[in-house]
Each structure stands twice: as structure tokens, then as C-alpha cells.
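**Student:** Please work from the sequences and hints to get the whole structure.
Residue numbers (our numbering), protein chains in the order written: chain S, 1 to 133; chain A, 1001 to 1630.
Just so you know, these hints were derived from the structure itself, not from any lab.
Honestly, I wouldn't trust all of these hints.
Stated by the list, open to error - For lysine to aspartate or glutamate, the following DMTMM-like pairs were computed, each having C-alpha atoms within a straight-line distance of at most 25 Å: (1) 1608/A - 1561/A; (2) 1490/A - 62/S; (3) 1559/A - 36/S; (4) 129/S - 1413/A; (5) 1574/A - 99/S.
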Amino acid sequence: MAKHTILYVEDEQWLMGGVVDYLSADYNVLRARNGDQALALLESGKHNIDLILLDIMMPQGDRIRDSRRGRTSGVEFARIVLQEQGYDTPIVCYTVVNDRRVHDELKQIGVKEIVSKRELPSELERVVKKYLR
Amino acid sequence: MSNREQRNEDQMSRIERLFGDLETFDLILDRVLRDWGGQGTVIPRDQPRRLFDNQSTFEPLCKEIRAIEGGEELCWKCNLERAEEAAKEGKPIDYICDNGLLDITVPIMVRGQSIATILFGQRRVSDDPDFEPEAIAKLRRTERKLGLQPGSLQEYWEQVKTITRAEVEQAKAEVNRIAKFIAEIVTEREELQIKSQRSTELERQLNELALSNLSKTEPVKDFWRVLGVVFPKICSILDAQAGVVLRGHPTKEETFTIQTRYPSTNRSSQELYTVPESKWQKLIRGGVVCVANLEESDRQYELRLPFEESELVHPRETEIAIIPMQISSHQAERVVLAMAGTSPPGSTDLVPWLPFKQQIDLFKMLGSRLRAAYGSVIGQHERLLHEEQRRQYVQDVMHQLVGPLSGLRAHCEALLHGRVSVQRGRVILETLVEQGGLLQRYAENFGFAARSGPSIFDPSEWNPELCDSKRLVDILIKCTKSFQGQAKAKDLIGPSVNESSFRRFPPLMLDVELFEILILNLCDNAVKYSYQSTPTTIAGRVLDSRVEIEITNYGIPLKPEEVNMIFQRYTRSKQAEEHEPLGTGIGLFICDQIVKLHKGTIRALPSKKSQHGNEVKFIVTLPIAKGQGR
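**Tutor:** Written out as C-alpha cells, the structure reads:
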């Protein structure tokens, strides 16, 4: 059975390395350092992306910009992907942001689940699996 | 001591309270009555039985009558009836009293109402044929009322001095002038008292408004809103023809906001202007207001304000007086309150402005209260700002630590669950060591940043040692090695040390521990903000009495206006914030503090284009150790 493909958008390279190491055994993991890179990968059509794993606080780009100087650029990315461009790719956020207002906004946009970075990759994998059946 | 001096203020009549300086009042009346040669008193309308002792003098006839039981009461009844009559008439009247003597009552009229009556006379009229029959008839009636034999007081009556009808009229006119003068003073004082009460109320309102706004998040903005409401009220109370609030902020496009009010011309109560700096000395044009004494000296906008009466602006052409008052200087902000009053055309001195001039003290008092209120608002504003900075800082610290710590745990779990190859596992262990060092540095930085005050290092923490060039290069290389993993992840070249550039370096006095923190922070900065596949280098240069250590990388640009502010606590460049939302803005602040401890300087150069992209350079300048020059 072919592996599912996950697009992981994260600017913290050290964390990304650990998560990718963990998930790579069972999934193809594509990396993007910010929203712009992730959007380009998505739009290229070269990869059949089954799920997007998304950080919230990321550097701003030319296309993904937010009013809080990157503190909610992941929210803006999710909005463009799900609402503006109409993708139905499930998005799971993996973030340190615990602001209820941001969480509510993400849920409203259509983000499937929000996992705290306090959780280990094993817990993240458990959540990811729910949306990759 | 007179009885009057022993009275409490609340027992005084209105005229006594208003007059305040009763000695002066006494002197005026004494003089009037003495000049005229008559006897008299003053009857306050609100407390008619209160005699003004010094003026309550009596002819022997009157003394005799008053000594008899019921006599004094009789006299009082007569006096009060006539005083009331004069008050109603609103002008002086003369009459024959119950003792058969001519009396005059002159009301002191304030705003159409009598507040007291000057009562004097006790004379016989020599040239009026109607006087004596009526006077004698009245005297007989009094004798009957007091149970005396008819004619028993005749002898006393005949001893009373005489006066002509012309002298009566002259006395009436003269005392009436005095009464009007007193009325003017009383009116003026009453108005001032009312205004003072209103301004006290205004002051209370202002304080209340200012205080109630202190809990809000934008106290300075609130203060200006409050002032916008309160200042026109102040102008109205002080009868100013125009009130001006000048608010200048040289860093904000060099413009000044002016609020004006012109009650005399019914123009809108508040107008906002943005006045170019070039018009600073002619703030309101059109001959309405001209602030001539505001002098600009260099770009600090230092105002020379005419506080003294002699310095009051009195422009001949505009006929306007200005009392400017600087109420604050928050950061670069300059604020002036000014009030304007008109002088009659052609006047050459300040005398015609008397009513306006009298308000100056009140205006100054209100100005100082505003200044105090503004001061407390600014204090609160700065506390809130500081609190917000700290709150943001603590949040950022949490975020900055959680990222690497999550990475550390993720790697450990990958190792633990056998998700990686043995070879990859070794790499992970190496990077774990490096990341541990990074977290250690962050923790140290947070510790330094938590210290307060302009200088976070205590001189006792300064432990310098002499470091030759070899030692210096060793330290630099050791520091750069801490970033190998991070640099590799971004495919960076370096950070590397240009060893040959340090070869001729003279020995430096360095606190090695702090110097390492300095270099680690600068390298961390360079690696964090470098673009993929670009070099980061450290090079040295020897100058006359100092050396320079340059850290160069290629990455997100630094604007000229940002090169100084990035060394301030909690401050980051706009691009840095967008590039790396997790930063705390303390690394370069700590660098600056460490360099200062070494009696050196640190500066950043605005980025410039190069073959690798935007070149960003940080230069640390350090003094050469004494006696170790080239």
C-alpha cells in the first residue's frame, strides 16, 4: 500500500527534523519553511498531498501575510487554502499557540484539529492517522 | 480688638465676607462720615441687626432715647423700615426719623439688589420750613410711646447740629458714589469667587476624569479627549476670547495640533489644525491670535514662554494677549496652553485688560493642575507600556523555549522508538548537544533580560583577563562551533573565523565568559537571519588605539532607521519580526551591555547589496589593553 503524503509547514528546523524522523517511517513527509513555500508546493500539483501539518507562528512571505507580523500567519495560510482556494485537504495544526481566540478562528476556517507542541510525535501521529484512512 | 475681629466667617454678613479686608472698609466709611461730620452705621441686608461698631455713633438725643426701655427697639424699627425702603427704591433717600432728626440711607446695590445700606445723618435741617413741625411732631410721638412727659427730650433735640438742604443733597451724592464703588468691588469679588468655585469644581472633574481613565489601556489618548472637553470650559470660565491647545511632536511630521475656541465670535468650539512647523511662530493667522513670544531654538522646540506679566504678549496689530503655558514634555512632545483676551483698540498698556489680567493666576493654577494630571497619566501610560512589554516578553520566552524543547523531545522519541537508522541516530545525538547549548544560552539571556535598570551588569561581575590574539581566535572558533548543526540545516557556509585578520591583534582585556556570550549572541543572530547557502564570517581589524571585530552575514536586510533601535531592550527590526516571529529582542541588547562593560561600542551598518544578497554587518569596537599598543 502506498504511503500517504504529509506536507509539514514549520520554520523551527530542529523540531521539524525530529517530527520528520518520527513520521518518515510510515509517511512521505514534504517540508516547507513557511506559508509561501507550502502554497507553492500545493499549487504545483506535483504531489498528492493527503494532509497538511501546520505551525501557526511562522515567518511572513509575499503571499502569506498577517496583521500580527507572523504570529498568526498559519491562520492566514489555512484560510487561503481552505476558504479562498477551496482545497479539501485536512489540516492539523501543531503549535505552541494556546490562545482560545486563535483556536476558535482556526476551527471556523475548517482546521480539523489543533495539537499542542507539548505533545510528542507519537500523539501527533495518532491524530494524523484519524484523517488518513 | 473690635467685636468684628472675633466673629467667625459663617456668622458674617455677605458684605463682610466679600469685603474680606474690613479694615479698609472701616477706613472708607470713617473718612466719609468724618468729612461730612455726621453720624452713621451700615446695615447689612441679610443680617440687619449686625452693627458696624466703628460707624455706630449717636447724638446725645439718640443715646438718651436708646437708654430708655423700648427706645433702642424703636430706633431699630425706624432704621430698618427706611433701609428697606431705600433698598426697594434702589437709590438714596432722606427722611425724618422717629427721633425728629434728618437721616439719609444709601443702598449698596449689587446686580440690582441691595446688599447693605449706609445709614447716616442725625441732623436738623436749618433752611427747610417744613422740617421742624414734622420733626417735633415725631419727637412728641416717641416721647408718648416711651412714657415720657411731652417736651422732656426737647432740650436734647435742640442741641443737635443743623445742616442745609443743599448739604444734604451733596452728602447723599457723595456717599452714593462711595456705595457704588463698594458695590463694584463686591461685584468683582463675588464674580471671582463664583469663578474660583467653578474652577475648583472643574479641577475636581478633571482629576476625576483623569483618574478614572488611568485604568484604561490608552491613558494618553484619554487625557487628550478629556482635555478637549475641559479646556473650552476653562476658557469660558475665564472669559477668554480664544483658548488654544498647541500640541507639537517634532518626530511626527513636524506638525502641531491646535484646538481653539472663540466664544466671542460664536465660532465652533473646537477646531483642529495641522500647522506646518514653518508656521510655528504664527500659529493662528488672520489677525485673531498671534503667538509672538514662542521662539524656536534648534530642533528641540524649546519654548520660551512669557509667564511674567511684563512678558505678556501685547502685539500692537492684533490686540490680543496670550498666556502660554507648557504643560508637558512627554518624549519629544511639546504642549502649550494659551488663553487670549482682547484689549480695546489703540490701548498701549495692560490696564484696559484688567478683568482678563485678574484671571491669570487662576489660569496658571489650572494649568499646573493639568500638568500634574498629565504627569500622572504619562506615568500610568509608561507603566502600562512596560507591563505590556514584559507580558509580551514572557510569552515570547515561553515560545522560544517550547520550540527547541519540543524538537528535543521529538528527536528523543524518534530514537527511543527506533524510527531512525544508527547513523542518523548519531547525527541526532550530536545536534542534541548543540541544541542543549542553544537552550542554555537562551536561558542565560532571559536571566540577564530579567534584570532591570539601564545597565544590567554589575561592575562586580566584570572579571577581565589579558587575551592575546591566539586566545581570542580560540574563543571565536569555539563559539562558531556551537552553530555547526544549525548552519548545516540551512546549508550555510560558516560561521567561520578569518584567522589571518587577527594575527596582528594586540592583547585585549576581556571578560572571557561575557565575551563568549557576546559572540554567541551575534553568531546566533547571524545564523538565524541568514538566507540559505550564504556565508557568515568573523574578521578583525586593528586601528590606532582600538580594534574592530566584524560579524558579517547575508540575509534579511537592516534599514538605516533600524540600526540603532535594535540594541534597545525588547526591540527588533520589522523584517526580523516577520522572518522570525519567536524572537524576544534581547540578544543585541545584552551584546550592547557587554560591550559597554568592556568600554567599547557596538554598531550595525545598514545592509547593502552584494553578490550573496543583503550584506549585514555588526562591528564591535574594543579598546586595546593599556600598555599593549601597536
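**Student:** Out of the numbered hints, which ones does the structure contradict?
**Tutor:** none
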